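Participant: Just so you know, the sequences run in chain order A and B. So the first sequence is numbered by the working numbering: it starts at 473 and just counts up by one. So the second sequence is numbered by the working numbering: it starts at 473 and just counts up by one.
Read the hints as simulated data drawn from the structure, not as lab findings. Quick caveat, the model's predicted, so the values are computed rather than measured. Just to be clear, a hint being listed does not mean it is correct.
Note that the list lumps identical chains together, so a pair holds whenever it fits in one copy or between two copies.
[What the hints assert, rightly or not] In the DSBU-like style, the derived pairs of lysine-lysine whose C-alpha atoms are separated by at most 35 Å in a straight line are:
| id | residue 1 | residue 2 |
| --- | --- | --- |
| 1 | K486 | K805 |
| 2 | K641 | K486 |
| 3 | K486 | K690 |
| 4 | K680 | K661 |
| 5 | K486 | K661 |
| 6 | K680 | K805 |
| 7 | K680 | K759 |
| 8 | K690 | K633 |
| 9 | K680 | K641 |
| 10 | K496 | K486 |
There are 2 protein chains.
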Amino acid sequence: MKPLMTVTLAGGAKTEVLLADDIKDLSAHLGGYGRSVVWVFDSNTNKLFRQLPPSRIILESGESAKNLVSLERIISLALDEGLGRDGRIIGFGGGVVGDISSLAASLYMRGCRLTLVPTTLLSMVDASIGGKTAVDFHGMKNMIGTFYPANEVLISIDVLKSLSEREYKSGLAEVIKHALLSEDQELYKLLLARRTEILDREEETLMKLVELSLLVKKSYIERDPTETQGIRKALNLGHTFGHALESSTRFSAFSHGAAVAWGTVRALEAGVASGITDKKYASAASKLFGSFGYDLDHRIGRGEWIEYRNHLSKDKKKLGGEVQFVLLRGSGKPELHPLPWNLIQSLVMEKAIGRG
Amino acid sequence: MKPLMTVTLAGGAKTEVLLADDIKDLSAHLGGYGRSVVWVFDSNTNKLFRQLPPSRIILESGESAKNLVSLERIISLALDEGLGRDGRIIGFGGGVVGDISSLAASLYMRGCRLTLVPTTLLSMVDASIGGKTAVDFHGMKNMIGTFYPANEVLISIDVLKSLSEREYKSGLAEVIKHALLSEDQELYKLLLARRTEILDREEETLMKLVELSLLVKKSYIERDPTETQGIRKALNLGHTFGHALESSTRFSAFSHGAAVAWGTVRALEAGVASGITDKKYASAASKLFGSFGYDLDHRIGRGEWIEYRNHLSKDKKKLGGEVQFVLLRGSGKPELHPLPWNLIQSLVMEKAIGRG
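Assemble the whole structure, with the sequences as input and the hints as a guide.
Facilitator: Spelled out as structure tokens, the structure:
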């Protein structure tokens, strides 16, 4: 295990991000924690181990397991195993496993130790650092949660090889989003220059990609650990449009990342329409998304608009009754703006004007 | 409303403690928050209002409502009312209402605003400041919770008049506990000098009592906001013995405070037996408890010992497998120590040696 970076959050809480050579290296590290642990897998990630640890929960894979019932299962097991506040929950999986495991760790005896092993690109570059924990509630994504940074995040690039194309692309969308949020162009250039290697999941390239992507996220969350300063909200670029799409399509048609890619392109268009985003920049950025094969042309049917709008209205980024959208003044220059409903409708329901 | 004190916790979060002239003053202040609020009452505290606010949850009074179902009810209502992260949950009641309301506020959209109006002496001097939130789980007290300080705590002394004797005495035990944890003797002296006025709930005396008691708690929690330094654990004086008594008697025979009074006297005896607590000091402190009429002589029956021990073993103050007890080197000089099982058994099961 090699230290990759340290992320410092609210109250000085630190997350150590460590890089493993491979799954074996990872297992050896985790084995060192002994018996005061509870492991959380999903029905895919449990297959990464030939022999599973005895104290474990295996969640159904997918968003539908991200609920209070799963949370109770983990906490019950921790209690049965006699874990104290110095006990550890190990979340071994993608964003769903990570978010629930983190919430369980933050709630169990008001906080026990937490290790996250992200097994998807999405959770590696996004969910595993920053301390956001969550379950869905009444069909609303992440309505219940806390801020509780993991003590450590263990990254093993080799697990990315076994991801489905859909899952891999889901993570890649957040990487591209991070590239647009970075003032330096390093990540953006890597995405342009190494498209083939990235799509082929070439290990060296992925290592660089993950590191650069994490550095962008780190720079935003360290300045605003509990999302109260407005800075961290920038990471929600594409998410307000995208979450509502995910919700109104019941989390099936679009992966999270595919929805974010779609949502980010909508946000770029909204920025152009509002005179905030340069048209050429928006066009180039949309083209970058397009080059990785996302469905950016999808439009909401007329019969679905009311539901879509309801989901938008309930967005957590709402402040004082108005939904705030992240728009881009340029690369690395996010701003929060409300948008008029007729503009939103024209962007999500019809072929939008101004897309490249 | 007059500012009484400001408590600063993790990450600089501040709780303003305000003193109301009376319930009317309180209502006027709360009315100023408009409609983006959800009120939480219990089936006693709702009677303090002639006309209840429309957006409200009324919990069954008592510990049995302190569960995940109540939590879900509050969060559902907040969602139905369209509260954003800038919305506010108002917990109007004793410790149970306060703990659940606080947990709901900490979880709703990863944190919304929170006002606590403690209506019992116990919640005024203890639960309402410090940011501990909780529900019980599988019969274990406060197993699920977070740290989430209220934005404001509103104190109206006149509500104490309507408390039952049992409820009032429950709070008074925590006040006496605070007196033992304070290095200066002001609170201890007040308790000795004004016993009659205190038992008569004389308003001026209570105001002083609440303020001094809050100052003791503030001094401990500000030095250790998330109970990681060992300092804050001192506030659990009497609670390890006491919680296990509450749990094993199913939260009915003893009020929380009565159990803490009993537990504190057991901790004083344990301190004497371990050579940590001066015998005369322990005797005087036990006498102070006795003068307010607590049942300090209760003993666990032989058939209940296993259950009592099991509850002790699951205590949250366990670290590295060993239960830590708060013992007193002297007034304001708490220390954490493990205790041998045979000593514990002799203290809780038989007439103990060395009690004054």
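Participant: Hints first: check each against the structure and report whether it holds.
Facilitator: Hints, one by one, checked against the model:
no.: 1; hint: K486 to K805; result: both (27 Å within a copy, 31 Å between copies)
no.: 2; hint: K641 to K486; result: within (29 Å within a copy, 43 Å between copies)
no.: 3; hint: K486 to K690; result: both (12 Å within a copy, 26 Å between copies)
no.: 4; hint: K680 to K661; result: within (12 Å within a copy, 66 Å between copies)
no.: 5; hint: K486 to K661; result: within (30 Å within a copy, 44 Å between copies)
no.: 6; hint: K680 to K805; result: within (23 Å within a copy, 53 Å between copies)
no.: 7; hint: K680 to K759; result: within (22 Å within a copy, 69 Å between copies)
no.: 8; hint: K690 to K633; result: within (25 Å within a copy, 53 Å between copies)
no.: 9; hint: K680 to K641; result: within (17 Å within a copy, 63 Å between copies)
no.: 10; hint: K496 to K486; result: within (25 Å within a copy, 46 Å between copies)
The structure shown violates none of the earlier numbered hints.
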